[in-house]
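As given, the protein sequences belong to chains S and Z, one line each in that order. Residues 1 to 232 (our numbering) are what the first sequence spells out, left to right. Residues 1 to 498 (our numbering) are what the second sequence spells out, left to right.
Treat the hints with caution; some may be incorrect.
[What the hints assert, rightly or not] Now the in silico label distances, taken between C-beta atoms and shown as ranges:
1. S:189 <-> Z:202: 25 to 35 Å
2. S:167 <-> Z:286: 42 to 52 Å
3. S:157 <-> Z:477: 52 to 62 Å
4. Z:119 <-> S:9: 25 to 35 Å
5. S:24 <-> Z:296: 46 to 56 Å
No wet-lab data here; the hints were simulated from the structure. On a predicted model such as this, the values are computed, not experimentally measured, just so you know. No residue lacks a Cβ here, since even glycine has one placed at the ideal position from N, Cα and C.
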Amino acid sequence: MNRSSLFFLGVFVALAASWTGIVLVNQLSYGQLTTVVDATEGLAFPQAIPGTGQQGRSVYRDLGCAACHTQQVRRPGFGIDDKRGWGDRQSVARDYLLEPHVLIGTHRIGPDLRNVGARKDGLAGRDGREWYLRHLYDPQLTSPGSIMPSYKFLFETRKIVGQPSPKAIQGLLPAAYQPVRGHEIVPTARAETLVSYLMNLKDTYAYPESRNVFVPKASTEAAGQTVGGNQP
Amino acid sequence: MASLSSQISTSRGVGLPVASPNADGGSIDASARLPVLLFVSASAGWLLIGTVFALISSFKLHAPGFLGDVEMLTFGRVKGAESAVLTYGWGFNAAFALVLWLLARLSRAEIGKPILLLVAGLFWNFGVLLGMLGILAGHGTSLEWMEMPGYAGPLLFGAYLFIGTWALLTFRAGRSSQVYITQWYLLAALLWFPWIFSIAQIMLLIDPARGTIQSLVHGWYSHGLLTLWFGPIGIGAIYYFLPKLLSRPISNYYLSGYGFWTLAIFGGWVGATRLIGGPVPAWVVTSGIAASFMLAVPIVVLAVNFFPTMIGSPAALRRDWSFHFIAVGAVALVGASMVAMVLNLRGVASVFQFTFLQTAQSNLTTYGFFSMVAFGSLYYILPRVTGRSFPLPSLLGFHFWTSSIGCGLSVAGLALAGYEQGIAMNTLPGGPESAVVPFLDIVQRLLPYLFTQTLATVVLVAAHLAFVVNVGWLILSCADRTSAAPSALRTPLEAAAR
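All chains should be built: construct the whole structure from the sequences, respecting the hints.
Following this line, the structure appears as structure tokens:
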């Protein structure tokens, strides 16, 4: 074996090591993770989100929302994700089991969205969608000073023909946003699916592995409460 | 094909000295001219397009209404297109030009059938174009540094296999008895990239793995792109050009092999640090952090190789603009790696993960290190493969200063922004019992820093225009009179003196 074959062998082995450690071993071990069947509830978790939400995920992906939003909550005591209300418990691998494309993100230019559905449950308006629709139409309406762009292009301003649409949203908007008389603003199908996706972003079930968390002493008390409150 | 295969069959492997009467610098440069000029033209074009995307995305961050009604140019898509174009358009084309020329020169081999490389190069760039349009049309993957839709992947992979194989064959056909450290780095990168790229394409896009295995693969790939592809190529170029430009050997050269092997062993593992605190097994993350710390070894080796070489050189030689670019690149490499080491510690990551401090570190690596080294190298290579000097030598200095200032401003602004962002977002500045800083307040505090990013990008637009004008003019003028023989080569310094 001459020196150049030794060199190429070394180069191969070097990368093979990290490939084995990071990709292969994990694929063979926790790549086989399955859902948890909860006998008392008679359900398997995580649960699949409805079809419209699935479609909304691809809208989320195609608009590049992950450029600014993460979808991973860090454990109590590691950062302050819990105190920000981004999630009572840390995200665990099982949460993402049914997602065809995992978009946990790398930047928090905007807030984490892993539990946005749970967060906005209380203030999302009558049918639970108003906050999302206003937020997407113009984030300044719901979050003044935000640098999130408006997604008006997911809405259609059109002439009212016959009966006004029950989906029209101009009633939710202030005077400056009102369309010309005889027109209405209606969310497109993509906007509706995106809202459905966001509403379904909530990891509320506590898995066995998400209950016991190491928490540094300083914040044990506060974190203990939030984790405890999350037991099913 | 005939000439190439005959070259291969007569080559004597790496270890045997074979005199090479006819493969002098001139004929090697002539054989590299066509592919180098194609890759450089393409990289320059993509650099300009990518910078325009960068300007739009940067402007949108403090003026979100700008071009707000155009779905194609919504922030998430422009940001994706920017990253894809700058990485796979500018970065890869420049890397291909460097690898081919350096391997041909160092191995003393002419590049056989360069016209075939031209075809492969066109395929690569068609793939990038398709990918960019795909992102703008909404087919992107939303995965940082592999934003291009799945259908661009096979095209890029096929083109790469051809280009990479050609580069390896050029090395194989070489008549040089010596294997220099630059060749180690380049050959390793050529073999590593197709591996990480194909695994990432398969496990993320073609047949996605289950759950957060995807995140691990993505971290492994996107970090590998730096430590296993751009890093080795940039480092290899520095190892070649420093002695060349300064007419002195690399200081402490005997250490360079240790640097290479430690980077090879630990470089691949560092990707796991992208998932600190994330929903993946903690031991993987821990091994990534350990590996990130172990990268101190190659970094120290590079520092004791590069810095004494640079400092001890005669002042007259250090005035060369190529040297300026490469020196900044070497300093940025060492600096960015040390910053990364600190940012990857768990305690630090709990505060500064996901902030602009990470972006600052990444810009310092991709621009401050790789792009600067690529600019400096191309300014050296181009006059040699074309046999002409740059038409506007004064622009070289302008490019150097605008690039350095633009990059410095961007990195400094982002670092300050990230520091403030991390403290406000991930800690309780008022003490453990205080309330969190409202998110929208943090956004308001970031606005001045985000504005400096637009300023920095405007400076970079000027820098890149200078690069494109000079390089474009040079290439066009040589297309005009193709008969000119590559002779009477002047160094950029001499050219600049005229």
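What are the numbers of the hints the structure violates, in ascending order?
-> 5
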